[in-house]
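Undergrad: Read off the chains here:
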Amino acid sequence: MKKTYEIEVDCAACAQKMEDAANTVEGVLKATVSFMTQKMKVEFAEGADAALVMPEVLKACKKVEDDCEIRF
Amino acid sequence: MTKKQKKVLVRIIIASALLIALMLAERMAYLPTLVWFLLYLIPYLVIGYDILKKAAIGIRNRQVFDENFLMAVATVGAILLGLFTDGSEGGFEEGVAVMLFYQIGELFQSVAVGKSRRNITALMDIRPDCAYVPNQDGGLEEMDPDDVEIGTVIVVSPGEKVPIDGIVEEGSSTLNTAALTGESLPREISAGDEIISGCINLTGVLRIRTTKAFGESTVSKILDLVENSSMKKSKSENFISKFARYYTPAVCYAALALAVVPPVALLLLGRPAQVTTWIIRALTFLVISCPCALVISIPLSFFAGIGAASSRGILVKGSNYLEAMSETSVVVFDKTGTLTKGVFEVTAIRPAGQFAKRLTADGKDPSGELLALAACAESYSNHPISKSLKEAYLADRPEAEGSLRTLASDVEEISGRGVKATVSGHTVAAGNAKMMEEMALTGEDTPQQPPESGTVVHVAVDGTYAGYILISDVEKDTSASALKALKKSGIERTVMLTGDNEKTAAAVASRLGIDEYHAELLPGDKVDQVERLLAEKPAGSKLAFVGDGINDAPVLSRADIGIAMGAMGSDAAIEAADVVLMDDNPERIALAMQISRKCLRIVHENIYFALGVKGLCLILGALGIANMWVAVFADVGVMILAVCNAIRCLSVRE
Chain A
1 MKKTYEIEVD CAACAQKMED AANTVEGVLK ATVSFMTQKM KVEFAEGADA ALVMPEVLKA
61 CKKVEDDCEI RF
Chain B
1001 MTKKQKKVLV RIIIASALLI ALMLAERMAY LPTLVWFLLY LIPYLVIGYD ILKKAAIGIR
1061 NRQVFDENFL MAVATVGAIL LGLFTDGSEG GFEEGVAVML FYQIGELFQS VAVGKSRRNI
1121 TALMDIRPDC AYVPNQDGGL EEMDPDDVEI GTVIVVSPGE KVPIDGIVEE GSSTLNTAAL
1181 TGESLPREIS AGDEIISGCI NLTGVLRIRT TKAFGESTVS KILDLVENSS MKKSKSENFI
1241 SKFARYYTPA VCYAALALAV VPPVALLLLG RPAQVTTWII RALTFLVISC PCALVISIPL
1301 SFFAGIGAAS SRGILVKGSN YLEAMSETSV VVFDKTGTLT KGVFEVTAIR PAGQFAKRLT
1361 ADGKDPSGEL LALAACAESY SNHPISKSLK EAYLADRPEA EGSLRTLASD VEEISGRGVK
1421 ATVSGHTVAA GNAKMMEEMA LTGEDTPQQP PESGTVVHVA VDGTYAGYIL ISDVEKDTSA
1481 SALKALKKSG IERTVMLTGD NEKTAAAVAS RLGIDEYHAE LLPGDKVDQV ERLLAEKPAG
1541 SKLAFVGDGI NDAPVLSRAD IGIAMGAMGS DAAIEAADVV LMDDNPERIA LAMQISRKCL
1601 RIVHENIYFA LGVKGLCLIL GALGIANMWV AVFADVGVMI LAVCNAIRCL SVRE
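Protein chains in written order, with my numbering: chain A, 1 to 72; chain B, 1001 to 1654.
Simulated from the structure, these hints should not be mistaken for lab results.
Since the structure is predicted, the reported quantities are computational estimates derived from the model, not experimental observations.
Be aware that a few hints might be false.
[Unchecked claim] Far from chain B by the CB rule (all over 12 Å, computed), these chain A residues:
| # | residue |
| --- | --- |
| 1 | Ala-12 |
| 2 | Ala-21 |
| 3 | Glu-26 |
| 4 | Met-36 |
| 5 | Phe-44 |
| 6 | Glu-46 |
| 7 | Gly-47 |
| 8 | Ala-48 |
| 9 | Ala-50 |
| 10 | Val-53 |
| 11 | Val-64 |
| 12 | Phe-72 |
[As the list claims (entries may be wrong)] Calculated cross-link-like contacts (lysine to aspartate or glutamate; reagent style DMTMM-like; alpha-carbon spacing at most 20 Å):
| # | chain 1 | residue 1 | chain 2 | residue 2 |
| --- | --- | --- | --- | --- |
| 13 | B | Lys-1233 | A | Asp-10 |
| 14 | B | Lys-1006 | A | Asp-66 |
| 15 | B | Lys-1004 | A | Asp-10 |
| 16 | A | Lys-62 | B | Asp-1050 |
| 17 | A | Lys-59 | B | Asp-1050 |
| 18 | A | Lys-3 | B | Asp-1584 |
| 19 | B | Lys-1537 | A | Asp-66 |
| 20 | A | Lys-39 | A | Asp-10 |
| 21 | B | Lys-1003 | A | Glu-19 |
| 22 | B | Lys-1233 | A | Glu-19 |
| 23 | B | Lys-1115 | A | Glu-69 |
| 24 | B | Lys-1341 | B | Glu-1536 |
| 25 | B | Lys-1007 | A | Glu-19 |
| 26 | B | Lys-1006 | A | Glu-8 |
| 27 | A | Lys-41 | B | Asp-1224 |
| 28 | A | Lys-2 | B | Glu-1216 |
| 29 | B | Lys-1004 | A | Glu-6 |
| 30 | A | Lys-2 | B | Asp-1146 |
Even for Gly, the Cβ is constructed at its ideal location relative to N, Cα and C.
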């Protein structure tokens, strides 16, 4: 399952940090962040529930970049 | 401006006011250094608290070396130096000012990037918001396009975007396809026609039966492609992120060395160590070295380039392809459907001498009669050639469509030869040269071979040769000028590959001015030819293959850059190619290359300019010629210029 989320991030380097952080979250198969389109594409692992995984993704991102935002 | 940006702006204004007030007060009043330190700390924290916080988070996450860290170290260093030397060296105001200017630069960058991002996404914004489905009481219900099932009827009013691919059930209208193709000419549509999502309905209400789910519709595919394009990084972008990874730690260590090595060396030589001077130089060095100008301007340039291209109906699947296109030296074309229209048309009608004489004497038009006889004889056949004969005949007299078949009787198809039929009492035979040979024709005229290439339909009436009709695939009006434009833009070699026969290929190649052609190729042979051309091309340059995307998938993926034409409705093209031209116009290839060259030129300008200015300032800073004020102006100034330059990628001269 693939979903796209709108995000808010200030710089290209911060977007890269968010991408790295999101990829460490359990239930995320692959996450890509585009700074230019301000979008995060998340491919969830088999059986993972997006509604449960996304708060974890946000938490992980907040840890590396505290003023980022993900809308889900 | 967003809320966040406004907040930063307020902080900048407060901090600037406080800083100016403090600098004036320092000249008039005498207070102990510690008091000044505490006073300056107020504007410093107002403007820099988030940077300090981010630097701390970076250290905690073991990602120490970023621009926040550089700025935090430089400003904290300057302020502490002021505190310990009683303000004689370095100082509080420098520390606050550097942070202030850094934030001004960041704000500018964020506003500029946000604005250009909105501009670019507006160019690409073809996403429909909703679909209208009629309900029981005759009204319209608004639905999320995602929830509309295949086979549902939707209603699109004038001014709205078509949300889902389908077939028009009712109504006729004109469509604006500019968002998809960059072509401003409106397209006519009526009941029975296929309609593609992303077009804007201009004049009439349309009822459309959907044939695809929203996720599979053209508009979704294109949006997906465009959104993913900024995730495929070019060589230049990879270079910069790799560069930043080594560069930032390197300048930090260099700054450390600058602070430690010269004082130690001076001490060893028995001279005063001048520790504070060298620390200030080291801090200046840190400020100058901030890599933001490069890190932000290069992805922005590519994004703007991709945006500019897509607004002209050229979809580039990634910055890497945009980059590769600028290095193209060989362009290989498929013929049918790419350089030619891929449909057969009647290009010449030549009645034979006796037949023409007789009809002219009767006051009839021999060409028209010949076409009419052939069209009637072929009216029951579905062969592409028969179809083009009928189309040519009906083009001038659409009312004759029904009567065409009633005129012909005793139709007999002779496979591999042609058709025999009785038309208005005459026996008409229409077919190839073999058929004529076998017919034992009477009369003076004999079948002729035309000087041009194409398929010939000979016609005989009552056993006498009457002339022939030439049918050929016609070149697109834009093909010749497209090749000229490519040559002008510096493409060294153009090659045409085709499955068609030698004679046709030679004729097309010479008319369009193509350097080299290879005819009678099977799909596998095309791959071999491309392999050979790839091996022959000059080192470091790229080969682009242009095809119609339907049967060229293997070659499209084998070439350095696969360009597919006419993606309107063809999923295969969108999948297999790296660059998709939304309309069938080959002229777009030269335009795409022009955009890619301009974009790459700007990227290189920014790399050399930013690194040049930084390098120069780094040397000046290390020697003590440039102070911290110069340093922060160099950093912010270079970044602003680089961002402005990057935005130039958006405009294209056609």
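Undergrad: Please go over all the hints and tell whether each is borne out by the structure.
TA: Status of the hints after comparison with the structure:
1. Against chain B, the non-interface label of Ala-12/A is violated: not every CB pair exceeds 12 Å, the least being about 6 Å.
2. At roughly 9 Å, the least C-beta separation between Ala-21/A and chain B is not larger than 12 Å, which violates its mark as non-interface.
3. At roughly 19 Å from the closest C-beta of chain B, the C-beta of Glu-26/A stays outside 12 Å, upholding its exclusion from the interface.
4. A beta-carbon of chain B is positioned within 12 Å of the beta-carbon of Met-36/A; the least distance is around 4 Å.
5. For Phe-44/A, the requirement that its beta carbon stay farther than 12 Å from each beta carbon of chain B is met, with the minimum near 16 Å.
6. The Cβ of Glu-46/A sits about 20 Å from the closest Cβ of chain B, beyond the 12 Å cut-off, so the non-interface label holds.
7. With a closest Cβ-Cβ approach of about 21 Å to chain B, Gly-47/A is found to remain outside the 12 Å limit, as its non-interface label requires.
8. Even its closest Cβ contact with chain B, about 20 Å, leaves Ala-48/A beyond 12 Å, as expected for a residue assigned away from the interface.
9. With a closest Cβ-Cβ approach of about 15 Å to chain B, Ala-50/A is found to remain outside the 12 Å limit, as its non-interface label requires.
10. Every CB of chain B is more than 12 Å from the CB of Val-53/A (nearest about 20 Å), matching its label as outside the interface.
11. With 12 Å as the threshold on Cβ separation, the claim that Val-64/A sits away from chain B is violated: the shortest Cβ distance comes to roughly 6 Å.
12. Separation of Phe-72/A from chain B is adequate, the least Cβ-Cβ distance of about 16 Å exceeding the 12 Å criterion.
13. A threshold of 20 Å between alpha carbons decides the hint, and for Lys-1233/B with Asp-10/A the separation of about 19 Å falls inside it, so the pair holds.
14. Taking the CA atoms of Lys-1006/B and Asp-66/A, the gap is near 18 Å; set against the 20 Å cutoff, the hint holds.
15. Distance check on the hinted pair: Lys-1004/B and Asp-10/A sit about 10 Å apart at the alpha-carbon level, within 20 Å; holds.
16. A hinted pair counts as satisfied when its Cα atoms are at most 20 Å apart, and Lys-62/A with Asp-1050/B qualifies at roughly 14 Å.
17. In summary, the hint linking Lys-59/A to Asp-1050/B is supported, as the alpha carbons are separated by about 19 Å, within the 20 Å threshold.
18. The straight-line distance between the Cα atoms of Lys-3/A and Asp-1584/B is roughly 33 Å, outside the 20 Å bound, and the hint therefore fails.
19. Proposed proximity of Lys-1537/B and Asp-66/A is contradicted: the alpha carbons are some 50 Å apart, above 20 Å.
20. For the given pair, Lys-39/A sits about 12 Å from Asp-10/A by alpha-carbon distance, which is consistent with the 20 Å threshold.
21. Of the pairs offered as hints, the one joining Lys-1003/B and Glu-19/A is violated, with about 24 Å between alpha carbons and a cut-off of 20 Å exceeded.
22. Using a Cα cut-off of 20 Å, the hinted pair Lys-1233/B and Glu-19/A holds, with the two alpha carbons roughly 14 Å apart.
23. Of the supplied pair hints, the one linking Lys-1115/B and Glu-69/A holds, its CA atoms being roughly 19 Å apart against a limit of 20 Å.
24. Between Lys-1341/B and Glu-1536/B, the direct Cα distance comes to roughly 30 Å. Violation of the 20 Å bound is thereby established for this hinted pair.
25. Using a Cα cut-off of 20 Å, the hinted pair Lys-1007/B and Glu-19/A is violated, with the two alpha carbons roughly 26 Å apart.
26. A hinted pair counts as satisfied when its Cα atoms are at most 20 Å apart, and Lys-1006/B with Glu-8/A qualifies at roughly 15 Å.
27. Between Lys-41/A and Asp-1224/B the alpha-carbon distance is near 11 Å, which keeps this suggested pair within the 20 Å criterion.
28. At most 20 Å may separate the alpha-carbon atoms for a hinted pair to count; Lys-2/A and Glu-1216/B meet this at roughly 14 Å.
29. Between Lys-1004/B and Glu-6/A the CA atoms are separated by roughly 17 Å; this keeps the pair inside 20 Å, and the hint holds.
30. For the suggested pair Lys-2/A and Asp-1146/B, the alpha carbons sit about 14 Å apart, so the restraint of at most 20 Å is met.
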